[in-house]
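Given the coordinates of chain F, work out where chain S with the ligand should sit on it, guided by the hints.
Residue numbers (the working numbering), protein chains in the order written: chain F, 51 to 1051; chain S, 241 to 331.
Among these hints, one or two may not hold up.
[What the hints assert, rightly or not] A few chain S residues that face chain F, going by a derived Cβ cut-off under 8 Å, partial list only:
hint: 1; residue: Phe242
hint: 2; residue: Leu243
hint: 3; residue: Pro247
hint: 4; residue: Pro271
hint: 5; residue: Leu274
hint: 6; residue: Asp276
hint: 7; residue: Trp279
hint: 8; residue: Leu283
hint: 9; residue: Lys287
hint: 10; residue: Ala300
hint: 11; residue: Trp306
hint: 12; residue: Asp316
hint: 13; residue: Lys317
hint: 14; residue: Ile321
hint: 15; residue: Met324
hint: 16; residue: Gly325
[Claimed, not checked] Taking lysine-lysine pairs in the DSSO-like style, the calculated list, with each CA pair at most 30 Å apart, reads:
hint: 17; chain 1: S; residue 1: Lys305; chain 2: F; residue 2: Lys945
hint: 18; chain 1: F; residue 1: Lys707; chain 2: F; residue 2: Lys881
hint: 19; chain 1: F; residue 1: Lys332; chain 2: S; residue 2: Lys320
hint: 20; chain 1: S; residue 1: Lys287; chain 2: F; residue 2: Lys489
hint: 21; chain 1: S; residue 1: Lys269; chain 2: S; residue 2: Lys320
hint: 22; chain 1: F; residue 1: Lys939; chain 2: S; residue 2: Lys269
hint: 23; chain 1: S; residue 1: Lys330; chain 2: F; residue 2: Lys503
hint: 24; chain 1: S; residue 1: Lys320; chain 2: F; residue 2: Lys337
hint: 25; chain 1: F; residue 1: Lys792; chain 2: F; residue 2: Lys686
hint: 26; chain 1: F; residue 1: Lys551; chain 2: F; residue 2: Lys495
hint: 27; chain 1: S; residue 1: Lys317; chain 2: F; residue 2: Lys336
hint: 28; chain 1: S; residue 1: Lys290; chain 2: F; residue 2: Lys503
hint: 29; chain 1: F; residue 1: Lys244; chain 2: S; residue 2: Lys317
hint: 30; chain 1: F; residue 1: Lys693; chain 2: F; residue 2: Lys892
hint: 31; chain 1: S; residue 1: Lys269; chain 2: S; residue 2: Lys287
hint: 32; chain 1: S; residue 1: Lys305; chain 2: F; residue 2: Lys332
hint: 33; chain 1: F; residue 1: Lys251; chain 2: F; residue 2: Lys285
hint: 34; chain 1: S; residue 1: Lys323; chain 2: F; residue 2: Lys792
hint: 35; chain 1: S; residue 1: Lys317; chain 2: F; residue 2: Lys503
hint: 36; chain 1: F; residue 1: Lys533; chain 2: F; residue 2: Lys279
hint: 37; chain 1: F; residue 1: Lys892; chain 2: F; residue 2: Lys686
hint: 38; chain 1: F; residue 1: Lys243; chain 2: S; residue 2: Lys320
hint: 39; chain 1: F; residue 1: Lys336; chain 2: S; residue 2: Lys323
I should point out that these hints are in silico values taken from the structure, not numbers from a laboratory. For glycine and all other residues, C-beta sits at the position ideal for the given N, C-alpha and C.
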Amino acid sequence: MSKNLRINNKQFIDETRKLSFIFNGKKLYGYKGDTLASALLSNDIHLVGRSFKYHRPRGIMTSGSEEPNAILQIGNDDALTEPNVRATEIELYDGLICNSQNCWPSVKFDIGGINNFLSPLLPAGFYYKTFMWPASFWEKYEYFIRKSAGLGKSPTKQDPDMYDHRYMHCDILIIGGGVSGLIAAKIASDDNKKVLLLEDKELLGGSLIYDDNDISKIDNQKSSEWLKKLIENIKNDKNIVIKTRTSLAAYHNYNFLLARQNLTDHLSVNDRNNKIRQRLYKIRAKKVIISTGAIERPQVFHNNDRPGIMLASAVKKYIDYYGVRCGLENVIFTNNDSAYETALSLHKSGTKLNAIVDIRNNSSSEIVNKVKSLGIQIYWNHTIVNTKGYKRINKVTIMKLNDKGNDVIGKKIELNCDCLAISGGWTPMVHLFTQSGGKLKFDNKDNIFVPDKTNLNQLSIGSAKGDFELDDVLKNSIKDTKKFLQIENSNFDKIDIQCSKENEKKNIWLLPSDKPLSKTKPFLDYQNDSTAKDIKLALREGFKSIEHVKRYTTTGMGTDQGKLANMHALGIVADTTNTNMGDLGTTTFRPPYTPLTFGTIVGRNVGQFFDIFRKTPMHDWHVDNNAKFENVGQWKRAWYYPKNSETMHDAVQRESKAARESCGILDASTLGKIDIQGTDANEFLNRVYTNAWSKLQIGKCRYGLMLNEDGMVYDDGVTTKLGENHYLMTTTTGGAANVMSKLEDYLQTEWPELDVFLTSVTDHYATASVCGPNAKKIINKIFKDLDLSDESFPHMSFKEVKLGNINCRVMRISFTGELSYEINVEASYGKYIWEKCIEAGKEFNITPYGTETMHLLRAEKGFIIVGQDTDGTMTPVDLQMDWIISKKKYDFIGKRSLYRSDTVREDRKQLVGLLTDDPNEILEEGAQIVKDENKKPVNMLGHVTSSYFSPTLKKSIALAVLKEGKKLKGQKLLVPMIDKTIKVTVSDTVFLDKENERING
Amino acid sequence: MFLINCPYCGERDQSEFVSGGEAHIARPKQPTELNDDQWAEYLFMRKNIKGIQFERWNHAHGCRKWFNVARDTSNDKIEKIYKMGEQPPKL
Ligand SMILES: [Zn+2]
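This is chain F alone, in the form it adopts within the complex (with noise of 0.2 Å):
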């Protein structure tokens, strides 16, 4: 270190604890304590990075969230790297490795840079203006766009670090540990509250912590230290439970929160492992306390961006808590009073001060006088009209402003300095006050929007709330603290306070200059790069709305979200346009506050845990037997099970074979399955399918369709009959829990008159479903006592049995056309009656076929799936089903809709078969049906919905819903695909067993 930057024997420096980090390649030295931006000045380093449009250099201008310049690419690891995280955040580790983002080829020597000289071609709209035309060059613009602008590089391998999320409840949540937050904590343990106390930083106390001049004085002591006693007095609270480096994220309606708490990032890489790095807190909380504070502004002139141009707050911080000068030769610019604690804190380091500008007339308050006492050069009514040094700025031209502020007078005086301190003010942090639907006023006297109306129970306190002088922050803080908790006594009812008060004001938001506007470059968006000239010509081009006018000009739309740059942007809205600012409005801040990793936001909901799966009592056996499964919602069915390298066509084929030729085995656990009870059950199931059910006996099933009140089919399914006031409703696998809320919905709000009640057990029971010519043998060896011939246990019909102790449903329905059986147990039979199943069919090469058969061979027999034929547009009548609509019942769900004048309308789409030309052709599921594809635009006729290769008819069958296609049967028509076009005949939609033969074996 040639320079002697670093201040020895500052108390939140371990100068015993030397660190070194990797700063673009370069190797560097800091201490523990040090921000890496506080580690990088230290090294004289200002220059960090380019700016977004113009590639002008940047270098640390904060010490806090609000940074918009020192956003850098931490590690350089594949899965590990973080890009764009501010330096004036990240805790200095042992190792850290850190680069700059937005510059090619280096910081020092940017290729963009010329952009800098091109500034007058890049207006605000540029983006706009120029990358719309034409249109076809966009390709051309994006290779130079990405290449030479961009913020940092995502990581391009999986996250290997893991997160964690925890709910948390308290009755004060407290967001900001700075010395309102604190007294506010401190009010609310006394009173017996559960508090949780949040802080962004490592430790509690805010700006007042390092607070180190002889003016502030609480209860007779240096405010500092009565401070670190109230903390300490915290940390022993037992009621108060406090999150460092803990921020929050999100402010929701009903006091829900987000917060994230950083575990791991300030350790060194070696002392990471296995543990979590962040934490996402949910929380609810009674009542909330925001005291975020404020965070200083700049102020607005000619070439405002140079390195080494800081807040004067932050040059301060640096100084009394990191222990570090920003420069040697300093220069502060301001326009209040608290720009002169920086003085003081220079004066006292004993760094050099070489003027003060300060656009005020004068001030005599106890700071500035004592600024005044100590010699320092004040030049009053003065202004910054431009800055020198490319890199670094080594010199500032000031001028007298005339009386009504808006332009300079008298002869130009240069001051050099390596650092300008600048301050224009304070804003509230209302970000959080706003996302939680707060409205704002304006205020002014200092120019601040402040929180006025909320709906949630919830207060802003300190300078969150616009107090700013040490008397009004403490005062206030215990006044409003009690009436929110509706205290009468605290034990800070008689605190002492002393402190200067600031007694003139003055703002300008755009600083006059001896050039004209246009040949100036005043920043507003440091990040964004948009200078009070782009406000002016949106203005000009006539976007009135604040909201527009910073979508055009990207004014606070960087990573910060303009937390620098709104205030000033506003200003010169209002001011150009003679508007008051509080009749403006603000723009709108969203969450989060602060950028969220992914990993943060989805925990531990990764990998297997990113949904649930369900899976049915005889998994494992599909698993051992080599199953490959599909998602039917959130449950994992046997697909096909795949024999030696067998593809899934062939796999299908010959399970497809074994089932009409002999016997497969159907794993059919998943269908929804709901227990109907209740004196009045047959009259519900009346009202809810749309066939009759009266009539069905005891031990009887039946198949039912259900609609939707718009007449659109819904779900369909099997219904058995087990006793007289007792029914067993099947429905699809991935419609169990919509049908089971609709059925529960309309018995609770429309017919609570009904004695019915519902009773979800679809994961009680298992089924296995034997089919097949062979499948009566199978069933009968298993079960030596049923009677199966026809006349006792008949299709659609239902028997109870014993098999040892296990009660099992039997039921003979299909889906298949075959012959077929399912069984029903409990579900921890399941697997036990399954491979009972696979041993009795051994001897007839029983076979387990998986969803994909299962589709072909119900497909063979033209019986539909809802959801795969069906789409929420199509009535039982577009499906050629109209001999499930009973004609008798005056009402069921949807009947009335079956004849609206859309329903009945003849050209609607409906279902029908559809067979290839040529037999082998299979036709791709969603494929577009034409009849002439000449004539542009090709009018399409609908689409097929199921198609398969029938291994029993050797041919191709499809499903589709095709527009008339009633009218249609036996008509050509085309099936155009990318590189041919299918002949296709419109067909029945039952292509097998017409006459429902192989039912009975």
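Quick look at chain S with the ligand alone, frame taken from chain F:
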């Protein structure tokens, strides 16, 4: 994320509930008597007002009961919760 005071279970997080749209739209007792316009009115037409809206909510991941909620759509404040079959409150 609302807190909803289920009349059967007490205060629970919104994630346990589903909304069922506008309340107090009774299914016509004799749908066949209605012409297309009247049926469409029942089937499709729903209010979307700024202010107090009466709506149905279901404690889907709890007791599965349906109930009514009077919610101010401008700020999501729940003014009143009352059971199915009860008349909407005067607000
Ligand atoms: Zn409930």
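Against the structure, the hints come out as follows:
1. Phe242: 5 Å, holds
2. Leu243: 5 Å, holds
3. Pro247: This interface hint is violated because 13 Å lies over the 8 Å limit.
4. Pro271: 4 Å, holds
5. Leu274: Holds: closest Cβ of chain F sits about 7 Å from Leu274(S), inside 8 Å.
6. Asp276: With Cβ-Cβ at 6 Å, under 8 Å, it holds.
7. Trp279: Hint holds; Trp279(S) Cβ to chain F Cβ min 5 Å, cut 8 Å.
8. Leu283: 6 Å, holds
9. Lys287: At about 18 Å, which exceeds the 8 Å cut-off, the nearest Cβ of chain F leaves the hint on Lys287(S) violated.
10. Ala300: Constraint on Ala300(S) satisfied, holds at 7 Å.
11. Trp306: 5 Å, holds
12. Asp316: Holds: closest Cβ of chain F sits about 5 Å from Asp316(S), inside 8 Å.
13. Lys317: At about 6 Å, which falls below the 8 Å cut-off, the nearest Cβ of chain F leaves the hint on Lys317(S) intact, so it holds.
14. Ile321: Nearest chain F Cβ about 14 Å off; hint violated.
15. Met324: 6 Å, holds
16. Gly325: 7 Å, holds
17. Lys305(S) <-> Lys945(F): Judged against 30 Å, a Cα distance of about 26 Å means the pair holds.
18. Lys707(F) <-> Lys881(F): The hint holds at about 25 Å.
19. Lys332(F) <-> Lys320(S): 26 Å, holds
20. Lys287(S) <-> Lys489(F): 27 Å, holds
21. Lys269(S) <-> Lys320(S): Answer holds: Lys269(S) to Lys320(S) is near 28 Å, not above 30 Å.
22. Lys939(F) <-> Lys269(S): 14 Å, holds
23. Lys330(S) <-> Lys503(F): Distance ~25 Å between Lys330(S) and Lys503(F) Cα, so the pair holds.
24. Lys320(S) <-> Lys337(F): The hint holds at about 21 Å.
25. Lys792(F) <-> Lys686(F): This hinted pair holds, its Cα atoms lying about 24 Å apart.
26. Lys551(F) <-> Lys495(F): 15 Å, holds
27. Lys317(S) <-> Lys336(F): 15 Å, holds
28. Lys290(S) <-> Lys503(F): Holds, at about 19 Å.
29. Lys244(F) <-> Lys317(S): 25 Å, holds
30. Lys693(F) <-> Lys892(F): With a Cα-Cα distance of about 16 Å, the restraint between Lys693(F) and Lys892(F) holds, given a limit of 30 Å.
31. Lys269(S) <-> Lys287(S): 22 Å, holds
32. Lys305(S) <-> Lys332(F): 26 Å, holds
33. Lys251(F) <-> Lys285(F): 15 Å, holds
34. Lys323(S) <-> Lys792(F): Holds, at roughly 18 Å.
35. Lys317(S) <-> Lys503(F): 14 Å, holds
36. Lys533(F) <-> Lys279(F): 25 Å, holds
37. Lys892(F) <-> Lys686(F): 26 Å, holds
38. Lys243(F) <-> Lys320(S): Holds, at about 28 Å.
39. Lys336(F) <-> Lys323(S): Holds: Lys336(F) and Lys323(S) sit about 26 Å apart, inside 30 Å.
Hints 3, 9, 14, counting from the list given before, are not met by this structure.
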